[in-house]
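Asker: Taken in sequence, the protein lines are chains B and L. Every letter in the first sequence is one number past the one before it in the working numbering, and letter 29, counting from 1, is 53. Every letter in the second sequence is one number past the one before it in the working numbering, and letter 176, counting from 1, is 177.
Since the hints were made in silico from the structure, they are not lab data. No experiment lies behind these values; they were computed from the predicted model shown. Idealized CB from N, CA, C, for every residue including glycine. Since no wrong hints were added, every one of them can be taken at face value.
Which bits of chain L does chain B cover? Going by a derived footprint, with three or more residues having C-beta under 8 Å, they are: (1) 57-67; (2) 111-117; (3) 165-173; (4) 179-190; (5) 202-209.
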Amino acid sequence: MNDPVLLVVAILVLAAGTFALRFAGPVLRTRVEVPDRVEALLATAAVVLLAALVATAALTDGHGFAGIARPAGVLVGGVLAWRRAPFVLVVVAAAATAAVLRLLGVP
Amino acid sequence: MRSIWRTLDRTLDRALDRGLLRDIALVCVADCVVGVSYGAIAVGSGFDLWVPVALSLLVFAGASQFLFVGIVAAGGSPIAATVAGLLVNGRHLPFGLAVSNVLGHGWRRAAGSHLMTDETVAFALGQDDADRRRAAYWVCGVGIFLCWNAGVLAGGLAGSVISDTDAFGLDAAFPAVLLALVLPSLRDRTTRRPALAGAAVALAATPFLPAGLPVLLALAGLLLTLSRDPDKTKDKTKDKNKDKEPVS
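The shape of chain L in the complex, shown without the other chains:
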């Protein structure tokens, strides 16, 4: 743990400005409030405190945690809840492919992987240079991990203090957070077209498919980036060999 702080310290000095820290802090607070509601809902629907706490520490993925508790509380089997949760978390695989270079090596890669959330990935991708990306990822990841788990514990202990975060509009805040963070990328046409197509695919699939799958299907939007570049796709194998050397 101490070396995480040392890493943070070093990257913080170099790369993080106050504005970014404030933005991350805001998201951490919002996550904490949702965590309180999650703990309260889980305990309120009959689980012992250790269930939401263990899920939050070990799984640390909000949407799948809500789903897990919801399915089991409704009388579903824990096995079905696990499968549903894994499906929702499938997006972390492509996320990991995209942000792997901010994680570092060895234990840092393992710890950083566990801290991966939609928000951390979005904050990291929103930064211009590698140092800022790394700093944003780690500060956001550690911050959300602490706030989320503290929130869940508090909510579980306090019971149904805040069980309806919709009343505060937090359900609108989270899409807005991600939207604000990806908008700079969406100003670029080559990214905007596949993103909009993917979002349309996900929306169209949502009524018919289990949670998690529609978002993964959005990756079909990437086909647009390929079809727009017929020359490059044709020469894919040649490119691969050619580019091998300069990659570090």
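Bound-form chain B, shown alone:
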């Protein structure tokens, strides 16, 4: 399909770049002393990113809406998690809700 050499180079660049992104945080943290307040801010930043991932992964697909089944599944999982249900139940209920809705023809 594509020039295999170009494909190999592209994969290696993506791999090296991704590793650099992952490695940069830990390396920076050992070089620079971080006050407690900034440390707390960094932890919050990770939660903010994860929450944004949840929102976009639950509600969107590409540049549009994800339909009904997936958000409904995540909602069921979220309510269960909020009520402190066991993790396994949260995950299985989310998947099952979406799967059953799709089986019923809900997009």
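Position chain L relative to chain B; hints supplied.
Answerer: Frame of chain B, contents of chain L only:
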């Protein structure tokens, strides 16, 4: 590799309970199934087996791998696919800043960095003390790495066995996994406000921006934590100097 297991063994004894192991195992299984579909989709859209396998071993970041294969399979240039993949993986930089203290030093830091995923970060942040955080991170990281790569290889070999994981609702399971793991942090108001604001920003930006950027833009939600504390922001430089000593 052997010393990874030794590290795991030590931390496991100390910190991991069965419930956490079961939760991590569940996520590993789910990742494996998605890996099977990824391998099958990649081979099904015309790639040789080595392409998804190399991407999974070397890049090891699901969303960017799907994007890479999707763009190239659709006739896009591999360079564009690489740029798009890097953009999606940009969130690992702030993740690394947040979890650096669970990684350790030397080769462990390098290996641990490669194992960084949304799930490992979420599992680590969900634990209360440092030992549990470290254990959760490593067990989850190694587990997902093995399961994901085994899945991709199996899917690539088997062809289009499972190409539509949506039928099982797995696309709903992954946001639910992350949601369940961050919910305890979200019960804290000072974290909830920036998180909700950030999620709103990301959602609003999704129709207009390339994948990956909306999630990074969510960091704007952090401004809420600063603006709520006018006194502390004003004294930022003073604080920095004052706090330098006690940090280990």
